[in-house]
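Trainee: Line by line, the protein sequences give chains Z and S. Going by our numbering, the first residue of the first sequence is number 3, and it counts up by one from there. Going by our numbering, the first residue of the second sequence is number 146, and it counts up by one from there.
The hints are simulated quantities; they were obtained by calculation from the structure and are not laboratory data. A few of these clues could be false.
[To be verified] Below, in silico cross-link-like pairs of lysine-lysine (DSSO-like), each with a Cα-Cα straight-line distance of 30 Å or less:
1) Lys-272/S - Lys-116/Z
2) Lys-204/S - Lys-326/Z
3) Lys-326/Z - Lys-356/S
4) Lys-363/S - Lys-48/Z
[To be verified] Quick look at which bits of chain S chain Z covers, simulated, 3 or more residues with Cβ under 8 Å:
5) 232–238
6) 242–249
7) 258–264
8) 313–324
9) 547–557
10) 563–570
[Stated by the list, open to error] Covered stretches of chain S (in silico footprint by chain Z; criterion: 3 or more residues with CB under 8 Å from a CB of chain Z, positions within the stretch not fixed):
11) 176–183
12) 446–454
Just so you know, these numbers come straight off a predicted model, no measurement behind them. Beta carbons: idealized from backbone N, C-alpha and C, even for Gly.
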Amino acid sequence: MILEIIGISVLWLFLFGYIIIGSIDYGAGFFNAYSIVTEKQHILSKIIKRYLSPVWEVTNVFFVFFFVGIVGFFPETAYYFGTILLIPGSLALILLAIRGSYYAFESYGKHGHKGYAIMYGLSGLLLPASLSIILTISEGGFVFMEDGNPVLDYNALFFSPLTWSIVVLSIVAVLYISAVFLTWYANETGDKDATDLMRKYALGWSIPLIIAAAGIIVELRFHNPFHFESLLGLWWMFAISFVLWILTVVLIWKRRNYRTAFWLLVGQFAFAFFGYGISHYPYLLYPHISIHEGFTNTAMAISLIVVFILGMALLIPSLYLLLKLFLFDKNYIKGKK
Amino acid sequence: MLFDDPAYASRMLTLLTLSFHIIYATIGVGVPLMIMIAQWIGIKNNDMHYLLMARRWAKGFVVTVAVGVVTGTIIGLQLSLLWPSFMELAGNIIALPLFMEVFAFFFEAIFLGIYLYTWDRFDNQRKHLLLLIPVAIGGGMSAFFITVVNSFMNSPAGFDIVGGELVNANPIMAMFTLAMPTKVTHVIATAYMTIAFMLAAFAAFRLIQNKNNEYHKKALHMTMKIGLIFAIATALIGDLSGKYLAAYQPEKLAAAEWHFETTTEAPLVMWGVLDENNEARYALHVPYALSILAHGLPNSEVIGLEEFPIEEQPPVVIHYFFDTMVTIGVFMIVLSLIYWFGMRRKWAFVEKTWYRWFIVAGGPLAFLAIEAGWWMAEVGRQPWILRGIMTVEEAATTSDYVGWMFVLFAILYFILGVGTIVVLRYMFHKNPVEKELERMQQGGGQS
Ligand code: HDD
Ligand code: HEM
Ligand code: HEM
Numbered sequence: 003m004i005l006e007i008i009g010i011s012v013l014w015l016f017l018f019g020y021i022i023i024g025s026i027d028y029g030a031g032f033f034n035a036y037s038i039v040t041e042k043q044h045i046l047s048k049i050i051k052r053y054l055s056p057v058w059e060v061t062n063v064f065f066v067f068f069f070v071g072i073v074g075f076f077p078e079t080a081y082y083f084g085t086i087l088l089i090p091g092s093l094a095l096i097l098l099a100i101r102g103s104y105y106a107f108e109s110y111g112k113h114g115h116k117g118y119a120i121m122y123g124l125s126g127l128l129l130p131a132s133l134s135i136i137l138t139i140s141e142g143g144f145v146f147m148e149d150g151n152p153v154l155d156y157n158a159l160f161f162s163p164l165t166w167s168i169v170v171l172s173i174v175a176v177l178y179i180s181a182v183f184l185t186w187y188a189n190e191t192g193d194k195d196a197t198d199l200m201r202k203y204a205l206g207w208s209i210p211l212i213i214a215a216a217g218i219i220v221e222l223r224f225h226n227p228f229h230f231e232s233l234l235g236l237w238w239m240f241a242i243s244f245v246l247w248i249l250t251v252v253l254i255w256k257r258r259n260y261r262t263a264f265w266l267l268v269g270q271f272a273f274a275f276f277g278y279g280i281s282h283y284p285y286l287l288y289p290h291i292s293i294h295e296g297f298t299n300t301a302m303a304i305s306l307i308v309v310f311i312l313g314m315a316l317l318i319p320s321l322y323l324l325l326k327l328f329l330f331d332k333n334y335i336k337g338k339k
Numbered sequence: 146m147l148f149d150d151p152a153y154a155s156r157m158l159t160l161l162t163l164s165f166h167i168i169y170a171t172i173g174v175g176v177p178l179m180i181m182i183a184q185w186i187g188i189k190n191n192d193m194h195y196l197l198m199a200r201r202w203a204k205g206f207v208v209t210v211a212v213g214v215v216t217g218t219i220i221g222l223q224l225s226l227l228w229p230s231f232m233e234l235a236g237n238i239i240a241l242p243l244f245m246e247v248f249a250f251f252f253e254a255i256f257l258g259i260y261l262y263t264w265d266r267f268d269n270q271r272k273h274l275l276l277l278i279p280v281a282i283g284g285g286m287s288a289f290f291i292t293v294v295n296s297f298m299n300s301p302a303g304f305d306i307v308g309g310e311l312v313n314a315n316p317i318m319a320m321f322t323l324a325m326p327t328k329v330t331h332v333i334a335t336a337y338m339t340i341a342f343m344l345a346a347f348a349a350f351r352l353i354q355n356k357n358n359e360y361h362k363k364a365l366h367m368t369m370k371i372g373l374i375f376a377i378a379t380a381l382i383g384d385l386s387g388k389y390l391a392a393y394q395p396e397k398l399a400a401a402e403w404h405f406e407t408t409t410e411a412p413l414v415m416w417g418v419l420d421e422n423n424e425a426r427y428a429l430h431v432p433y434a435l436s437i438l439a440h441g442l443p444n445s446e447v448i449g450l451e452e453f454p455i456e457e458q459p460p461v462v463i464h465y466f467f468d469t470m471v472t473i474g475v476f477m478i479v480l481s482l483i484y485w486f487g488m489r490r491k492w493a494f495v496e497k498t499w500y501r502w503f504i505v506a507g508g509p510l511a512f513l514a515i516e517a518g519w520w521m522a523e524v525g526r527q528p529w530i531l532r533g534i535m536t537v538e539e540a541a542t543t544s545d546y547v548g549w550m551f552v553l554f555a556i557l558y559f560i561l562g563v564g565t566i567v568v569l570r571y572m573f574h575k576n577p578v579e580k581e582l583e584r585m586q587q588g589g590g591q592s
């Protein structure tokens with residue numbers, strides 16, 4: 003019992019990590035493409051090169067961690083999700099490939115191919131959209147069994163308002179998270195134009211974000227009343243999240259403490275994300291897999307957790323070093339080194 | 146077949162993705178070691194050429210790593226998408242090394258990021274070199290852990306099946322299987338060997354264009370020596386792999402050797418074609434060699450393919466894969482040995498253009514050997530995905546459209562492959578060695 007809770011918490015934590023740092027990466031690509039289209043070129047491309055190129059691989063490993071980890075802790079998910087996600091999963095992989103190869107080809111090869119930058123930017127919006135569909139599916143109602151095999155009902159999925167509200171939220175969240183982070187980062191680099199531009203984007207996306215988030219709660223009420231009930235039980239987490247959102251927006255509005263603003267935003271998303279996750283309990287795929295039945299054997303669970311602890315002992319100092327050198331090193335971010 | 150049989154299409158897609166990923170993965174395992182050696186010699190002897198070598202290889206490495214990460218992520222997720230039943234079972238027993246592998250990736254990715262973007266941030270070059278050690282270890286560990294998983298597929302262990310249910314799972318036993326020691330060491334040795342010969346091929350090619358180039362001469366000399374060492378190690382471990390097969394997967398060895406009847410004093414059959422009576426024609430027979438490969442003694446008994454039920458016999462085409470691998474392995478040993486002797490004894494011909502063309506050919510050939518080795522190992526496991534426990538048919542996804550995904554990914558890999566070559570060419574043409582050397586001598590490091 004306690005083991006599966008540890009397992010799902012670790013996975014959820016890394017998924018959260020991926021959502022935050024992945025959003026920064028996706029959103030930056032989109033803003034970059036947008037500035038190319040609107041001829042405000044290269045305000046952002048420098049930041050992308052200096053900040054994102056050294057860390058994108060690490061970002062990617064967060065994703066790998068999640069899908070490897072979930073198969074380890076909850077092998078049954080491999081069977082259900084693996085079978086139904088062939089097409090959405092493959093499309094997401096292609097989008098990931100476009101992004102990864104951009105770092106390989108664009109930043110080190112010829113400079114500035116317009117079409118490529120735009121593809122890279124668009125993939126940053128399509129990716130969260132396609133990945134977020136998995137959350138929709140896990141709400142249940144889109145998977146049925148045929149000859150003992152799970153099958154995805156694409157029609158129902160496509161015409162469900164829940165699908166589209168989650169897609170919209172994921173896109174807006176990406177743009178908002180990334181804009182807030184880049185405001186801070188640009189400010190640290192002392193690049194005034196970029197800071198102003200990003201601040202404008204951050205403020206612009208803040209209202210749509212809260213509307214989209216509220217929309218989902220309404221949709222859930224119709225789609226999965228069971229989930230909706232447990233969501234209401236955790237109302238205080240969403241309330242805290244909302245307050246943090248207000249604080250972030252105020253700070254950005256007043257052009258003060260961008261750094262604090264970003265960490266408040268992380269808090270806002272943490273409360274909302276964990277509130278959502280906890281209310282999802284105990285189902286991984288409603289109603290087919292729950293974390294209890296789908297859990298691996300005890301021996302595997304314990305060894306995975308031991309490896310996780312050892313792994314973190316190795317990783318945390320290394321990650322700290324990476325951030326110190328690239329994210330917080332004053333000379334580096336100012337472009338002096 | 147591709148469009149109406151999900152199991153067949155899944156096999157083809159796995160084949161495609163893995164065959165593509167292994168190229169970049171091998172580079173990912175091997176190149177950090179070569180950079181390390183070059184940079185170390187450079188620092189020790191204060192030799193600009195070796196330092197530049199390390200720098201140029203590292204630059205190219207950035208491109209291949211990125212594609213390696215992309216294709217690796219693809220295969221990682223595809224395993225669940227294409228083989229859901231297998232991954233469900235595997236998740237219960239062999240998830241541990243897969244999970245450990247992720248930490249190896251993390252480790253490698255973090256230090257690679259730091260290494261690549263800090264060329265000029267350390268006053269002490271040795272400190273910068275230190276950063277490479279975790280990268281090389283991370284790459285090696287990735288290969289180690291994933292090959293552990295593959296060994297498990299060949300010789301499953303660490304659990305019992307009682308009434309169709311999996312019980313007594315022991316993740317540690319599942320990692321240390323019978324196939325593991327030879328497989329892991331062979332894979333890692335071949336990665337180092339292949340990369341050494343790949344870099345040698347580049348150097349030889351440049352020397353053909355421009356004969357008296359000190360930089361490329363040093364690069365060639367160094368990589369050929371490293372290549373020789375690992376080529377010999379590869380052959381020795383390969384021999385042990387053969388002994389493993391003879392003992393625990395005799396059907397694979399028999400199919401690879403076209404050895405149909407159980408006999409003693411078995412000859413090694415190389416190449417040739419099978420006639421309708423399953424006799425090898427036009428083949429090269431090396432007397433006793435198969436008995437020696439299998440058990441180390443010329444008169445020992447080698448089990449033939451006929452002893453296995455038809456439906457459990459691996460396809461006999463793996464014979465050609467095996468022969469390709471072994472032929473190339475022997476060729477590379479001979480080539481690098483002659484080069485090494487020739488350089489010591491000052492034989493003129495090893496510095497002739499025609500000899501260098503052989504070295505150039507060695508690079509792609511080594512990669513071909515890697516591919517052939519994997520095809521033989523994987524196709525030779527047919528019909529099993531987990532030998533003796535689960536077949537490929539049972540493991541494959543039941544969803545439609547796998548064939549279309551194959552087409553989609555084939556296009557993607559084509560673009561990635563061509564892109565890699567174009568970008569690397571552009572990168573090195575724009576910054577020729579001579580120019581970079583000048584720049585380094587003038588003191589400004591940054592290129
Ligand atoms: C540069 C590549 C290369 C070269 C020159 C060789 N091999 Fe190899 N071989 C591999 C690359 C490889 C590989 C790609 O690494 C494989 C595929 C699966 C594996 O475990 O390693 C492999 C597998 C493999 C297997 C099958 C193991 C299994 O299925 O469990 C055997 C019996 C050998 N090798 C034997 C040899 C021998 C006797 C060689 C003589 C020189 C040789 N290999 C050269
Ligand atoms: C089924 C087989 C395999 C799977 C599922 C797999 C999975 C992966 C994944 C997910 C990544 C990306 C990690 C990241 O995000 O940084 C990756 C990269 C890598 N893989 Fe594979 N891999 C497989 C086979 C292999 C083999 C056989 C080797 C070694 C011989 C290998 C060596 C590497 C290395 C060194 C990297 C780091 C990237 C690079 O340097 O190119 N992989 N692999
Ligand atoms: C990276 C080097 C590898 C290459 C080039 C390779 C190659 C192949 C090939 C050619 C097949 C198709 C076999 C057939 O159609 O008969 C295959 C199948 C497969 N391989 Fe590997 N393989 C590699 C490593 C691995 C590893 C490390 C794993 C496990 C983690 C793995 C898992 C599988 C699976 C699940 C299949 C499908 C089942 C089958 O057809 O046997 N492969 N691979």
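Trainee: Per the coverage rule (Cβ-Cβ under 8 Å, at least three residues), is the segment 176–183 of chain S covered by chain Z?
Mentor: violated (count 0)
Trainee: Count the residues of the segment 242–249 of chain S whose Cβ falls closer than 8 Å to any Cβ of chain Z, and tell me whether that reaches three.
Mentor: holds (count 6)
Trainee: Given the hinted pair Lys-363/S and Lys-48/Z, is their Cα-Cα distance within 30 Å?
Mentor: violated (37 Å)
Trainee: Given as covered by chain Z, does the segment 258–264 of chain S meet the bar of three residues or more with CB within less than 8 Å?
Mentor: holds (count 5)
Trainee: Checking one constraint from the list: CA of Lys-204/S to CA of Lys-326/Z, max 30 Å. Satisfied?
Mentor: holds (23 Å)
Trainee: If you look at each residue in the segment 313–324 of chain S, do at least three have a Cβ nearer than 8 Å to any Cβ of chain Z?
Mentor: With 4 residues close enough to chain Z, the hint holds.
Trainee: Are Lys-272/S and Lys-116/Z close enough, with their CA atoms no more than 30 Å apart?
Mentor: The hint is violated at about 39 Å.
Trainee: At least three residues with a C-beta closer than 8 Å to a C-beta of chain Z: is that true for the segment 547–557 of chain S?
Mentor: holds (count 5)
Trainee: Given as covered by chain Z, does the segment 446–454 of chain S meet the bar of three residues or more with CB within less than 8 Å?
Mentor: violated (count 0)
Trainee: Is the coverage entry for the segment 232–238 of chain S by chain Z consistent with the three-residue Cβ rule at 8 Å?
Mentor: holds (count 7)
Trainee: With a C-beta cutoff of 8 Å, work out whether three or more residues of the segment 563–570 of chain S approach chain Z closely enough for the coverage to hold.
Mentor: n = 4 at 8 Å, threshold three: holds.
Trainee: Quick one, are Lys-326/Z and Lys-356/S close enough, alpha carbons at most 30 Å?
Mentor: violated (46 Å)
Consistency note: the structure conflicts with the earlier hints numbered 1, 3, 4, 11, 12.
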